[in-house]
Amino acid sequence: SQTIHQWPATLVQPVGSPLSLECTVEGTSNPNLYWYRQAAGRGLQLLFYSVGIGQISSEVPQNLSASRPQDRQFILSSKKLLLSDSGFYLCAWAVGGPNEKLFFGSGTQLSVL
Amino acid sequence: ILNVEQSPQSLHVQEGDSTNFTCSFPSSNFYALHWYRWETAKSPEALFVMTLNGDEKKKGRISATLNTKEGYSYLYIKGSQPEDSATYLCAFVGSQGNLIFGKGTKLSVKP
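Protein chains in written order, with this note's numbering: chain C, 1 to 113; chain Z, 1001 to 1111.
Derived by calculation from the structure, the hints in this document are not laboratory data. Be careful, since some hints might not be right.
[To be verified] Examples of chain C residues lying across from chain Z (beta carbon under 7 Å, computed):
hint	residue
1	G43
2	L44
3	L46
4	K101
5	Q109
6	S111
Just so you know, even glycine gets a beta-carbon here, dropped at the ideal spot from N, CA and C.
Sequences and hints are given; from them, build the entire structure.
Below you can see the structure in the form of C-alpha cells.
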C-alpha cells in the first residue's frame, strides 16, 4: 500500500534561518507531488508541484524553493525564512490528472519567530 | 483570481442532526471538484472527486451533489455523529489543472 511520510511535525525557526522540509512517498512510482501551505485564516495554497524528477513548477512568487532529487522525494527549502513563512505545510501526492484525489502527509507546523 | 467560497465557516450541531454545507466555485472552465475531510491532528482525506454536472456521490452517511452550470456543490451529512467533527474542504479544478481550495467548513457534532 502507498504511504507518505513528512517531517518534521513541528518546527520553530528564527527569522533569517534556513529551512528544509522533506516528504517521501512509498508504494507508488512516478507520482505527482505537491507542497501546500495553510496560513492562518486562509485556505490551502499550492506552493509547488512536480510531475517528475527535477521538474518543479511554482505557483506563487515567494521565499521558498522546492526540489525533487528522486522519484518519490520532494523537498521544500528556504535560504532565509521570513515571518510570513509561518504556517502549516502539507505534502501530497497523486497519480494521474487533477481528477484524481490527493493523498496528504501529516503536515509540518512551522513557526518563524 | 479564482475564488472558492465555502459556507458556513463553522457549524455546531447535535448528534443525530442532518446537516449540509456549500461550496461555490467559478462556473466557467470547470474540470473537477474535490471534497476532503480534515480531522484534527490528522491528514486531509479525500471524500469525493466529482466531474459531471448533476453528479451525486455517496459514502456512508455523507453525500455530495454538483451543479457546474451555476457553480456550486453541496455536502450532506445524515444523522451526524461526533466522529464526523472535522473541517470539510472543497477544491475546484479549472482548466489549468491545479486544485484551488476553499477555507473549509468546520463542523462540530455534540453528543
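A quick look at each hint next to the structure:
no.	hint	verdict
1	G43	4 Å, holds
2	L44	4 Å, holds
3	L46	6 Å, holds
4	K101	4 Å, holds
5	Q109	11 Å, violated
6	S111	17 Å, violated
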